[in-house]
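J.: If you're matching them up, the sequences are chains A and B in order. Count the first sequence with our numbering and you get residues 1 to 706, in order. Count the second sequence with our numbering and you get residues 1 to 368, in order.
These aren't lab readings, by the way, just hints derived from the structure by calculation. Ideal Cβ placement from N, Cα and C applies to all residues, glycine included.
Chain B regions said to be covered by chain A (calculated; three or more residues, Cβ under 8 Å): (1) 27-40; (2) 67-79; (3) 104-110.
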Amino acid sequence: MARKSSGMQQASISEFFEKNKHFLGFDTLPRSIITAVKESVDNSLDAAEEHRILPDLDIEIRKVPGKKDELLLITRDNGPGITQKAISKVFGSLLFGSRFHTIRQTRGQQGIGITGVVMYSQLTTGKPTSVISKVAKEAGAVRVNIGLDTKKNKAIISNEKRFPIEETNEAKGLHWIGDHGIRIEARMKAKYQRGKQSVHQYLKMTSIVNPHASISFRAIDEDGSIIDEASWPRVTDELPRPVKDIKPHPHGLEIGTLQRLLRDAKPPTEGGGARTPLRYFLRDTFSSLSNTRCEEVIELAQLSATRKPGSLKPDDVNNLLAAFSKVRLPAPPTDCLSPIEDLLIKKGLSKAIDSRFVSTVTREPRVTNGNPFQVEVGLIFGGDLPGDQPIQVLRFANRVPLMYQQGGCLLTKALESVDWKRYGLDHPGGRGIPKGPAAVLIHLASTNVQFTSEAKEALADNVDVHDEIRLAMLEVGRGLRNHLKKQKQKAKAQEKFELVNIILPEIHDKAIAILEEEPLPLAPVITKIMNAVFIEEKVEWEAEGKLTRASIEIYNYTARPRAYTLLSTWPEREGVEMVDNPLGGRREAKGLWAWKLETMEPGTSTTVSFAVNGLSKGVWSEIDIFFRGAGDIIGATKLDEEILAEMLREEEAGVEHEDEDDVDSPEVVIDSAAVEESPTVIVNEENEEAAEPEQGWFGVGRGEEE
Amino acid sequence: MSVTQRKTTEEVVENLHGVAREMYKRMAKGEAPTMTLPVRTKNNIGFDKKLGVYKYGSKRSIRDATSLGSARQLLRALHIIEFIEEMIDSEKSSTLREMYYISEAWGHGKFGSQNESNNLAEDLEIVTKCLREDFKLRPEEDGARMIGNLTLNERNRRGEWMRINARDDVGDSGYGVPYNVESEKIELVEHDIDFIMAIETGGMFDRLVENGFDEDFRCGLLHLKGQPARSTRRILKRMNEEWNVPIIVFLDGDPWSFRIFASIAYGAIKTAHISEYLATPSAQYLGITADDIEAYDLPSDKLSSKDVEALKAELSDPRFADGWWQEQIQMMLSLDKKAEQQSLAKYGLDFVTDTYLPEKLAEIGLGP
Chain A
1 MARKSSGMQQ ASISEFFEKN KHFLGFDTLP RSIITAVKES VDNSLDAAEE HRILPDLDIE
61 IRKVPGKKDE LLLITRDNGP GITQKAISKV FGSLLFGSRF HTIRQTRGQQ GIGITGVVMY
121 SQLTTGKPTS VISKVAKEAG AVRVNIGLDT KKNKAIISNE KRFPIEETNE AKGLHWIGDH
181 GIRIEARMKA KYQRGKQSVH QYLKMTSIVN PHASISFRAI DEDGSIIDEA SWPRVTDELP
241 RPVKDIKPHP HGLEIGTLQR LLRDAKPPTE GGGARTPLRY FLRDTFSSLS NTRCEEVIEL
301 AQLSATRKPG SLKPDDVNNL LAAFSKVRLP APPTDCLSPI EDLLIKKGLS KAIDSRFVST
361 VTREPRVTNG NPFQVEVGLI FGGDLPGDQP IQVLRFANRV PLMYQQGGCL LTKALESVDW
421 KRYGLDHPGG RGIPKGPAAV LIHLASTNVQ FTSEAKEALA DNVDVHDEIR LAMLEVGRGL
481 RNHLKKQKQK AKAQEKFELV NIILPEIHDK AIAILEEEPL PLAPVITKIM NAVFIEEKVE
541 WEAEGKLTRA SIEIYNYTAR PRAYTLLSTW PEREGVEMVD NPLGGRREAK GLWAWKLETM
601 EPGTSTTVSF AVNGLSKGVW SEIDIFFRGA GDIIGATKLD EEILAEMLRE EEAGVEHEDE
661 DDVDSPEVVI DSAAVEESPT VIVNEENEEA AEPEQGWFGV GRGEEE
Chain B
1 MSVTQRKTTE EVVENLHGVA REMYKRMAKG EAPTMTLPVR TKNNIGFDKK LGVYKYGSKR
61 SIRDATSLGS ARQLLRALHI IEFIEEMIDS EKSSTLREMY YISEAWGHGK FGSQNESNNL
121 AEDLEIVTKC LREDFKLRPE EDGARMIGNL TLNERNRRGE WMRINARDDV GDSGYGVPYN
181 VESEKIELVE HDIDFIMAIE TGGMFDRLVE NGFDEDFRCG LLHLKGQPAR STRRILKRMN
241 EEWNVPIIVF LDGDPWSFRI FASIAYGAIK TAHISEYLAT PSAQYLGITA DDIEAYDLPS
301 DKLSSKDVEA LKAELSDPRF ADGWWQEQIQ MMLSLDKKAE QQSLAKYGLD FVTDTYLPEK
361 LAEIGLGP
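Please model the entire structure based on the sequences and the hints provided.
T.: Next comes the structure, spelled out in structure tokens:
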């Protein structure tokens, strides 16, 4: 890739496009418009990000009157704009741009670029693409119409004009959002469609993984009526972290790459004079190699630290490569990656899809073949999602939606490798996409995304990435299972409550009315039917005061007085505090609060409630409740003191553990032998032959006797 | 005639109160209220030698209010009891379907489906040893129609007795049997017939009427309309007992017909609590038998998987335990064929009345 620089090669690429447009996303009419939108949106988002601008994007598609399958695409952004001189190069030449030789996560590495749109328009309608650009430092805007000479790989410029600021107005198309930006107008053979593979879906997906962008979209019919319209406002003002270029990491390097780097070695930046000792070469070429590590590598490879890189024989190169893999190295710097971060995934998903439950995971960055990558997964469940169909799979690479070739994609394969039945989804035969009212988002951020083909719609197999995705899936899967288990328990408890609070009193009233008898006390009957302690909890958003309030109600439906210490998880972190906690209690551990409750007489209940500020709506919706005390509580788990103690030790030692979202909630298994008076057992009968052991922080395998 | 003896309204109310009393007593003891009733499957029916019919055995199931579903059933039962008492007091009656709609107003006691309300009404019959006629609940199901030289008194809506001869006073569709055929509604006056033939399908009934079979063979014809309604089975039983005329059953030749016959002769599983009141143990199965299919070379259909399933279930049904039935069922299974009554038309419209029925009746000593 890095060596495609001569004019000859560039020209052949233009021809290549003409012959191979199907590889490049322009193979079918419906797909062509998606690809065109995609190229434009990717460029806009990348440019805005580089210039630290919060992007506003507007996309309009018009059916051209009287022409079958011809569309006019107008995209506008508030990005930095492009200077007049650069326009023809950006739009008229493949592989133009500053980012092709650097290692960094960008969206643009995935497409042929906006040039493709210009070419496609030219080839299908013969019309040039009109670009109007305004940069902040210039007073006016510039318009350039660009056609393309695909043989010479040169732009054909026409109709170039500069407009003073006062002349810019919407009617002339001389309009952008704010003081700077670009407007592109291209006319091409294409077909507008709705559905799973559509511009609408593409933009919706884009908005999920770009929560910092505002995107509006409309499609207009020949007669000017609106066919489709949508807008996705930004949900955060936080721009993605600025990404940095990095050097390659020694782990997983391929021999060819290493040979090339050795051959191209330049004089060292310090301490070496004209000669380039191997140790300086190593230190300066690769990331994560300190002086000490360089010496270690050279010693392991049995080479001399002062050898010239270019003089290494193939055996030496092999030894060097082997030595790399033997040394323990810090992971490559990951500031070259820009994960969305789980909180924003949660927001993005909640905004785009109505659901009951969201679980997200951002894994730590990892390295494969010397390239850092990071996996993020989000799972949403319930709400309006259809329950009898395969779940929706939303695939993304570097914040770009992947819409085609789902089956052949690494992301899909990793998803399918999980036994979803264990996590509460229907997964016939354990193969293929599971079914259920769920959607899964998978995002791979990487400096070097490997695709299966030039079409860049499916990710190529990679064991490291596969494993990371699988682990992330298991994590969100556990979250889902936990949620479903709770729902089930809740439903059962709900039934019991309805039974004793509504139906039983009605049976009583009817019976005494028919028999003309005196009323009976029902408390003993209720205790007999329930014979358990129940917990009902809810977490609710209070718009007024921007608080998230949790309330936990404990009912003693047993024949004996009960005393408990109740513990609840809460999202303890910086900027989040408990504000309204009438029962007081104390902090038991990070993210775990405890209240010692008064003894509850049979048939009575107690409420624990607290509010938390510093969170936005929907960020915190599930709590886990634990208890200390005799017997069992339906809806809560007996606290495992050993695990708590270990957790406190680690906290003291400063080992940071996953935050509350990732805590595996333990199974509620009621051991009836340990409980007096054989209470009603409400247990989830789930087969727990765990292949991966589940160890929650507070978890207990089985209720132990106090 | 212990259970067949009709109960006074006081007894009915007392028995219904017994159901509420069981719930009340349990609650007074601090226990979940319950309703005890016999298990209603073929595993819990047995032959009652004294009555000559199949009755529920001793297996009891207890429905207790420890689950939401059961608790709702108990509440519904109480609503029905209250509703029946109201109807008894106001001398009204209602159909089961009306009761289902009336339950809309019962809040948490309302029924999810009419099947639920029908079943619960049956549960109450069983527990209270009353009849749904005692409860003032009517089915919508159609009673049978009859033709033949037999005379009944029926009390009409104005409370007057009407004398009806089912040959001379009716049209071609015959006399319609009302839902209540108890003595307060129907009196059996006189007859001049040798037997009554109960027929499964309307087509065959009409064929025999058109061919004048009732006159030629001195018999009454009764159209069962498929699985016979309670009143149909009850009037067959009364005619059999009070007039001492044999009941001959002429059905299709398939597993479902066997069940229809069992419900006429031995009692249905669903109504085993009142078998002695509905079943006619001396009823005889005339045809179509499994060997008729072969002997008369009748046009037939292959058994469906459901048919086979039903036949296999019948093999273990105590009502079909005797040798002749076991043979018939096995034969049908091995033939893998079933035939309709009307397949006899293969040999012409008169074949059934000229040849088939005379031959079959002669076999059991009922020749013309």
